[in-house]
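S.K.: What follows is each chain in one-letter form.
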Amino acid sequence: MEQKVKEIMGDVLDLDPQAIDGHTAMDTIESWDSQAHINLCLCLEQDFQIAFTVAEIEAMLSYSDILRVLREKL
Amino acid sequence: MRADTSLGEMRHAFQAALEAGDLVEATRSGRSLLSKNPLLAAASFIRHAVDKSSPERLSLTSVRVALLSSFSIEFIHDALIALGFLDGLRVELYQAGFGQFRQDILNRDSALYAFAPDAVVLALEGKDLVPDVYRHDIPDAADLNATVTEAGRELANLAEVFRERSAATLLIHNFAPPIWRRLGILDGEAGPSQADLVSALNTHLGRVCRESRGIHTVDYAGLVQRTGALSWYDDRMAFYARAPIARGALPELAREYLKFLRALIGKTKKCLVLDLDNTLWGGVVGEEGPQGIALGPEYPGSAFVDFQRAVRGLRQRGVILAIASKNNPADVDEVFASNNHMILRRDDFSVVRVGWNAKSQSVSEIAAHLNIAPDHIVYVDDNPAECDEVAHALPAVTVLPLPPQPEHFVRALLEPGYFDSLSVSTEDLRRAELYEQRDQAEELRAQSDSLEDFYRRLEMEVTFALVDNSSVARAAQLTQKTNQFNVTTIRYSEAEVLERCADPDNLVKTVRVRDRFGDNGIVGVMMAHASESEVEIDTLLLSCRVIGRTVETAMLAHVSEYAAQRGARRIRGRIVPTAKNAPARDLYERHGFQSHPSDSTEEAAWSLDLATGGIQYPKWMKVVAETG
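Line by line, the protein sequences are chains R and A.
Under this note's numbering, the residues of the first sequence are numbered 187 to 260, in order.
Under this note's numbering, the residues of the second sequence are numbered 27 to 654, in order.
One chain only, chain R, in its complex shape (with noise of 0.2 Å):
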């Protein structure tokens, strides 16, 4: 699972997935803004086909809370 988000994250975000880490988050993340974050959450879904509620989506600010969130639900 941690390596499909990083793959996800990377091709979303255009970031190498080998440097993301527990540190990787929204507020240090540039091309992180609003925008990519719904686009994020909408492959997160389409590749794990599960559907996230906004409260989650707004709780996924970083990797971890990403990690987090998919054990919770899956």
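Just so you know, the hints here were simulated from the structure itself, not pulled from any lab data.
Quick caveat, the model's predicted, so the values are computed rather than measured.
Just so it is clear, CB atoms sit at the ideal spot from N, CA and C, and this is done for glycine as well.
It is possible that part of the hints are untrue.
[As the list claims (entries may be wrong)] In silico lysine-lysine, DSS-like type, Cα no more than 30 Å apart, as pairs: (1) A:K293 to A:K645; (2) A:K62 to R:K192; (3) A:K606 to A:K285; (4) R:K259 to R:K190; (5) A:K296 to A:K352; (6) A:K78 to A:K62; (7) A:K293 to R:K190; (8) A:K606 to A:K296; (9) A:K62 to R:K259; (10) A:K507 to A:K285; (11) A:K606 to A:K507; (12) A:K78 to R:K192; (13) A:K62 to R:K190; (14) A:K507 to A:K293; (15) A:K352 to A:K78.
[To be verified] Partial pick of chain R residues on the chain A-facing surface, computed with a CB cut under 8 Å: (16) V198; (17) I224; (18) L228; (19) E231; (20) D233.
Go by the hints and put chain A onto chain R.
M.R.: Frame of chain R, contents of chain A only:
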């Protein structure tokens, strides 16, 4: 994990191909990325990679698209750029803020017009434009018929103002009916029902599009219906981010826009090459016999009948049909002659290649016979190995592998919209017949003692006419579609053609050719601009059906006559070489023009001094100049 590795490899292959400027390979790996990966993430990846690549290394056609909307449509960007790339387009986007569409269109100095778009999409949701029609409760004050009429009027006004300010193509979404109806099951009996109101609005819009040039309806209602409204919309994102279209639907909408964009820049396919066994009928005719193949009222024959009707429908729209089949010719002849369930007749096909050659060779022969480029051909076959063979030998051909079950063939053929065009001209509808005329003429050429003898026996009549309302669509279409005999390959929308006509110093004419075998219709366009001492030709093109008959000499003679009337001393012309316009490159040289140093290394400039007498019409043709 293995799937991930191969995805990683595909990403690398894609990036490497981009860096090497290898468009064929980049398209191929991009396509597999999009089919294997969740589409949206792959689209984002491709978009970023394309953004970073150097455009001049890839022969992509640039197209500037402005998106205006009543909601947040920007989540479509990556899909539009990525899918456009697979169609050979570099889509450059302008995104207006949602709800800014009125200001953008009405204000002459808006960022929209500064962007100089080729195409503008006006994507409005009915909920936003006429909220009263879509509400769940009954609005207090409203006369809903009047609301709809008023909205129709606003759309007409926006279209009109837009047309005054820009010659770009305008694509306006029509409206999907509300999912839930105020009166529930009674909606259909209510007067007026919500469904009726939306349909009335769509009728208004249809009229606006019909009555203006270069303004088209995007059938959004049809698109929502095909997908299913409940899957199309994402209510969560509608309320949270003002982005009502679901993630799975965005690529579908992007594909719909690309049908228009491809048509706009001349990428409409012209010819459909079909396999026979298990494509037009079930089974192998060599084994089951002409009456034993599956075709007729019972499944699976019924599905093949339906597919044949879809193919016939394309022919009626002007698509040229051809056959490439591995079979004994006698068996195939027998099917056409004696199987009563055949919908398609043998003479629906302009070229038939039945034999044991490689399919790619048959397809090449078909292209050569019809004199059309491989990138205007769609090849359809049920056999994946044959599809691969054609795809590898002829990368420019679009290969459409059929799904395993025949009931899915029609969708596979029609869904991509390869043959969609922005107008259907009389010439399109008669195209197959026109190719037959051309074949008869070629036969005459073979029988003639000399070229001059051939020209004389052809009894050509060439008519030059000013562009008017009946011919503007055809004139624009020719500029969009003609690739071979085209000196500059400048594409024009209908509105741009009319704009050119409006200047009294411009000569804009269509060329119609008749010969002893019939009327070929409008086959050429030329545009020239007269200044004090010169006439400069910027567009001169001729359909490949009539190349090699000295019609181009008549066109230059016509310009020469015009130049003499205007008192010009010189005719200028330039050749902008493309991958395909080799047949046009020696046009000026052959007619005695002098070569000129050009500002650009890519194009060649030519001029003809009229003091030497100008160019004469060929004596074997009758020339008619209509003055309007």
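S.K.: For every hint, state whether the structure bears it out.
M.R.: Verification of the hints:
1. At roughly 37 Å between alpha-carbon atoms, A:K293 and A:K645 are farther apart than 30 Å, so this suggested pair is violated.
2. About 17 Å separates the Cα atoms of A:K62 and R:K192, which keeps this hinted pair within 30 Å; it holds.
3. At most 30 Å may separate the alpha-carbon atoms for a hinted pair to count; A:K606 and A:K285 meet this at roughly 22 Å.
4. Among the hinted pairs, R:K259 with R:K190 is consistent with the structure: their alpha-carbon atoms are about 16 Å apart, no more than 30 Å.
5. Taken as a hint, the A:K296 and A:K352 pair is honoured in the structure, with Cα atoms around 23 Å apart against an allowance of 30 Å.
6. A threshold of 30 Å between alpha carbons decides the hint, and for A:K78 with A:K62 the separation of about 23 Å falls inside it, so the pair holds.
7. For the hint pairing A:K293 with R:K190, the CA-to-CA distance comes to about 36 Å; that exceeds 30 Å, so the pair is violated.
8. Restraint check for A:K606 and A:K296: satisfied, since their Cα atoms lie roughly 16 Å apart, inside the 30 Å limit.
9. Between A:K62 and R:K259 the CA atoms are separated by roughly 24 Å; this keeps the pair inside 30 Å, and the hint holds.
10. A distance of roughly 14 Å separates the Cα atoms of A:K507 and A:K285; the hinted pair therefore holds under the 30 Å criterion.
11. Taking the CA atoms of A:K606 and A:K507, the gap is near 12 Å; set against the 30 Å cutoff, the hint holds.
12. In summary, the hint linking A:K78 to R:K192 is supported, as the alpha carbons are separated by about 21 Å, within the 30 Å threshold.
13. As the CA atoms of A:K62 and R:K190 are separated by approximately 14 Å, the hinted pair is consistent with the 30 Å bound.
14. Between the alpha carbons of A:K507 and A:K293 the distance comes to roughly 7 Å, so the proposed pair stays at or under 30 Å and holds.
15. For the given pair, A:K352 sits about 45 Å from A:K78 by alpha-carbon distance, which is inconsistent with the 30 Å threshold.
16. Interface restraint check for R:V198: the shortest CB-CB distance to chain A comes to about 5 Å, inside 8 Å, so the restraint holds.
17. The interface hint given for R:I224 holds, since its Cβ lies 5 Å from the closest Cβ of chain A, which is under the 8 Å cut-off.
18. A hinted interface residue such as R:L228 counts as satisfied when its beta carbon comes closer than 8 Å to some beta carbon of chain A; here the least separation is about 4 Å, so the hint holds.
19. For R:E231, the shortest C-beta to C-beta distance to chain A is roughly 6 Å, which falls under 8 Å, so the interface hint holds.
20. For the restraint placing R:D233 at the interface with chain A, the shortest Cβ-Cβ distance is roughly 4 Å, inside the 8 Å limit, so the hint holds.
Hint compliance for this structure: hints 1, 7 and 15 are broken, all remaining hints hold.
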